[in-house]
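Chemist: Residue-level listing of the chains:
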Amino acid sequence: MKKVIFILSLLVVALCAQAETIENQITRANELYANGSYDEAADIYAALLEKNESADLYYNYATTCYKQGNLALAVLNFERALRLNPQHADAKANLEFVNQQITDKIEPLNVFFITAFFRGLGRSLSSNTWAKMSVVLFVLALISLLLLIFGKRMVLRKVSFGVMLFCCVFALVSCIYAFSQKRYIEQRVEAIVMDGSVTVKSSPDTSGTEIFVLHEGTKVERQDVLGGWTKIRIADGQVGWLLTTTIQPI
Amino acid sequence: MARKRFALLFLILIQLCLVNTAFAKDKVEFNAQVRSKDVVVGEPFQLSYVLNQKASDVRMPELDGFEILAGPSTSTSTSVSFVNGQKSSSFAYTVTYILKAKRAGKLTIPAATATVDGDAYKSNALSMNVLPQEEGAKQQGSGQQSAQQTVATSQQITADNLFLLTQVSKTSVREQEALMVTYKLFYKVDVISIDNVKFPDLKGFTSQEVDIDDSRRNGVEHYNGKNYNTSILKQLLVFPQKGGKLVIEPMKLTAAVRVQVGQQRSFFGIVPVYNEVEKALSSKSVAVNVTELPKPQPDNFCNGVGKLSMSTVIDKTELSANEPVTIKLTLKGVGNLKMIKTPEITFPADFEVYEPTVSQDYRTTSEGMSGTKTIEYLAIPRHAGNFNIPGFEVTYFDLSTNTYKTLSSESFDIVVNKGSGAPSEAAVNYSNNQEQVKAIATDVRYIRTDNVTASPRKKIWTGSLSFWLAYLLPALLTLALIIFFRKQAQLNANVALVKSKKANKVAVKRLKTAEQLLKADKKNEFYDEVLKTLWGYLCDKLSMPMADLTKENVEAELANSGVTADTVAEFVKLLNDCEYERYAPSQNTHEAMANIYNNSVKVISQLEDMIVK
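These protein sequence lines are chains S and B, in that order. My numbering puts the first residue of the first sequence at 1, with every later residue one more than the last. My numbering puts the first residue of the second sequence at 1, with every later residue one more than the last.
Next comes chain S alone, as it looks inside the complex (with noise of 0.2 Å):
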């Protein structure tokens, strides 16, 4: 009993131990990023991010790599922070701000409004968000078919019969949107092209037709891998290959 607790212990002053030292590094880069010796804070955002992750640290890592010059990195983990938390207020300005200054200006493709609504309804909530949501409609519209089954006043059963149909709708849709999130997340569509300059071909192959040039910076959608090649589409809805190692995915 008495190595057991031990045992437990030990697991606990470890595991305090860690957190501590997590937290101490962001502080100590953050201190490094205010005298401005960016490099050094980078690199130690970066070694965290390897194993770890949250939406300001994605964030403190990105403003970081801006300061230092290399705006794809800086746009690839504001998209990471915003792809942890799509209400990061700071990430979405800084992104809006950075995006400005890359080479790439692409008119997006006109999107029908109502399916730009949907689906930047989606991406407004993480996925963990839309189902948990979810969950708790379901358990709304359970409570409501119970009043409704032994509620005694008319009235009160009207209300949570319209309840219960509220309830289960929306439980439907956000566990939809849950899972749609999730999906354009682990198979991360997204990818921000890392090289200055890239050469979008028309076929998988280095004889292929140059189609267009995209620069650093730039979000491009993948659709299909090929050998060492890519497929992407941009906003504007041209598609075209690339190679894989110049792009990096969300």
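Treat the hints loosely; a few may be bogus.
[Unchecked claim] Taking lysine-lysine pairs in the DSS-like style, the calculated list, with each CA pair at most 25 Å apart, reads: (1) S/152 / B/487; (2) B/245 / B/170; (3) B/226 / B/279; (4) B/307 / B/226; (5) S/92 / B/459; (6) B/279 / B/307; (7) B/338 / S/92; (8) B/242 / B/170; (9) B/459 / S/132; (10) S/158 / B/279; (11) B/284 / B/203; (12) B/87 / B/27; (13) S/92 / S/132; (14) B/459 / S/51; (15) S/201 / S/231; (16) B/284 / B/245; (17) B/87 / B/37; (18) B/102 / B/198; (19) B/551 / B/573; (20) S/132 / B/458; (21) B/226 / B/100; (22) B/242 / B/341; (23) B/122 / B/198; (24) B/27 / S/51.
[To be verified] Not close to chain B: a few residues of chain S, all C-beta gaps over 12 Å, as computed: (25) 166; (26) 190; (27) 197; (28) 208.
Rather than coming from a laboratory, the hints here were simulated on the basis of the structure. Just so it is clear, the structure is predicted and the values come from calculations on it, not from any experiment. C-beta atoms are modelled at their ideal positions from N, C-alpha and C, and glycine is treated no differently.
Chain S is fixed; fit chain B onto it per the hints.
Modeler: Showing chain B alone in chain S's frame:
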């Protein structure tokens, strides 16, 4: 008659006096003059001192390098002219010397002194350009050449006596260092005109043409042992814009020369015959070695090369809002002043800043532009407050030390007081005084510093087992609840059954001890227990103390509590049976006991149902 003559003479005298006083009123001018400042060693030349008034004592200065051959000889001249009835007169008193230079070089004839009406005056000094004698002419002696002619003309056109030359002041310079390029025509022949002048493009240079006044345009120069008449065709101050070997291409022109082709006997005697000959000339190209400025160039390098100094002056440091403030920056020195970039002063963002005005005042010298460049920065503070205009730095390349040098200005603190506008006016305009917050610059937002944590990477919860359980468990719970409540409802529907079941339960509970005694077949104890239980039950149900209950009033009490007469009778019978059986020797005791027990359960159950409390 004699009297009349006397009067006339008197009048003339007065007039003369007036004229003299008129002269005396003029400023004394005292000039030294020579026909040409270019002379050849050993050649006599004339030096004149001209005064506009008669001087009593014109004294030559001590001469160094010159010898007086003749003089002084004095002469006076007066001219009077009437123009539109206005009389103007001039008077010249000239003292002339004939001089000879003894050695070549730049020599100076110092100022001479003269006394006019007891006051001493000084003339200007003359700087003379004394050329050495021509090699060929040395043996001939100076006397052979005609006086006042420094260059012997030749009748032959050769490359020696008519050529173009591109002269540069330096052949090895720094980038942006000034050098003077002069295109000159050298001639010893009679040049009548020049035509088709073509100057080359100066590739790799920026150039500034130098004005040549007439006194400088034509001269005499000693070149390759000979004296030439020279004519400056063009003079440029150029600044190389890149390093390396830069070539100044040749210039070209066509000169028309008058040459004597023979003699002709005519009515007037022997007359020379001249002919005009056109000759195309071209200068040689000149190479200039340009050294690049050392790299890296400092950030605030202003493009200036040379020797500069800077001063900044602010016109006021305390002022009212909407009042202009001017900072005057003066760059003084020698170098490529024109090419210097206007330094930027960072005024506080709330100031309305106007484009700076640049004024330049410089002379072109062979070292570059010498003078000042003045830049005035005008700004108008629109709001009251304390402001600081930070100092700034200007870096130039110093040619004397071959290093970059930084000039820094001081920073200025400015106190801006509120404008003197009437308060009522300010109140009226209050709503209009609001301004949009101006974005001075944009930058990324600062990193997050509060509570930034990170946790090991997690899988997305959506679709995981616990996610599905989160649906399943509430669903199952709900289902269970529904089933439970359903059953409950069904039970509720059969109220009587429920009630009797309940009452039976109570009875069984109360008779628990009795049941045990029954099983143990303890006759006396069993009946005691049953009686005790029945009485206890009634006390509880009717809320009456045990002492108040008798067999007599039980019936009435039970009837009051809504118990039917049958049940009351049954209850009373049970009580009686108990008492009877207890003391009666019965054959079949166990059977009787079981009978009593069952009756008790039944009665208590019935009472439980009927007594509403």
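Chemist: Would you mind marking each hint as holding or not holding in the structure?
Modeler: Going through the hints against the structure:
1. A distance of roughly 17 Å separates the Cα atoms of residue 152 of chain S and residue 487 of chain B; the hinted pair therefore holds under the 25 Å criterion.
2. The straight-line distance between the Cα atoms of residue 245 of chain B and residue 170 of chain B is roughly 13 Å, inside the 25 Å bound, and the hint therefore holds.
3. The hinted pair formed by residue 226 of chain B and residue 279 of chain B meets the criterion: a straight-line CA distance of about 21 Å does not exceed 25 Å.
4. With a C-alpha separation of about 38 Å, the suggested pair residue 307 of chain B and residue 226 of chain B falls outside the 25 Å cut-off, and the hint is violated.
5. For a cut-off of 25 Å, the pair hint linking residue 92 of chain S to residue 459 of chain B stands: about 24 Å separates their Cα positions.
6. Proximity of residue 279 of chain B to residue 307 of chain B is assessed by CA-CA distance (about 44 Å); at most 25 Å being required, the pair is judged violated.
7. At roughly 48 Å between alpha-carbon atoms, residue 338 of chain B and residue 92 of chain S are farther apart than 25 Å, so this suggested pair is violated.
8. For the given pair, residue 242 of chain B sits about 16 Å from residue 170 of chain B by alpha-carbon distance, which is consistent with the 25 Å threshold.
9. This hinted pair checks out: residue 459 of chain B and residue 132 of chain S have alpha carbons roughly 15 Å apart, not beyond 25 Å.
10. For the hint linking residue 158 of chain S to residue 279 of chain B, the alpha-carbon distance of about 118 Å lies beyond 25 Å, and the restraint is violated.
11. Taken as a hint, the residue 284 of chain B and residue 203 of chain B pair is honoured in the structure, with Cα atoms around 16 Å apart against an allowance of 25 Å.
12. For the proposed pair residue 87 of chain B and residue 27 of chain B, the alpha carbon gap of about 18 Å is at most 25 Å, so the pair holds.
13. Restraint check for residue 92 of chain S and residue 132 of chain S: satisfied, since their Cα atoms lie roughly 24 Å apart, inside the 25 Å limit.
14. A distance of roughly 13 Å separates the Cα atoms of residue 459 of chain B and residue 51 of chain S; the hinted pair therefore holds under the 25 Å criterion.
15. Between residue 201 of chain S and residue 231 of chain S the CA atoms are separated by roughly 9 Å; this keeps the pair inside 25 Å, and the hint holds.
16. Proposed proximity of residue 284 of chain B and residue 245 of chain B is supported: the alpha carbons are some 16 Å apart, at most 25 Å.
17. Restraint check for residue 87 of chain B and residue 37 of chain B: not satisfied, since their Cα atoms lie roughly 35 Å apart, outside the 25 Å limit.
18. Proposed proximity of residue 102 of chain B and residue 198 of chain B is contradicted: the alpha carbons are some 40 Å apart, above 25 Å.
19. In summary, the hint linking residue 551 of chain B to residue 573 of chain B is supported, as the alpha carbons are separated by about 11 Å, within the 25 Å threshold.
20. Our distance criterion of 25 Å between C-alpha atoms is met by residue 132 of chain S and residue 458 of chain B, whose separation comes to about 16 Å.
21. Note on residue 226 of chain B and residue 100 of chain B: the hinted pairing holds, with a Cα-Cα distance of about 19 Å set against a maximum of 25 Å.
22. In summary, the hint linking residue 242 of chain B to residue 341 of chain B is supported, as the alpha carbons are separated by about 17 Å, within the 25 Å threshold.
23. About 46 Å separates the Cα atoms of residue 122 of chain B and residue 198 of chain B, which puts this hinted pair outside 25 Å; it is violated.
24. Distance hint between residue 27 of chain B and residue 51 of chain S is unfulfilled; the C-alpha atoms sit about 99 Å from each other, more than 25 Å.
25. No beta-carbon of chain B is positioned within 12 Å of the beta-carbon of residue 166 of chain S; the least distance is around 17 Å.
26. Chain B leaves residue 190 of chain S outside its interface by the beta-carbon criterion, the shortest separation being 16 Å against a cut-off of 12 Å.
27. Non-interface call for residue 197 of chain S relative to chain B: holds, since the shortest CB-CB distance, roughly 24 Å, exceeds 12 Å.
28. The beta carbon of residue 208 of chain S is kept farther than 12 Å from every beta carbon of chain B, the shortest such distance being approximately 36 Å.
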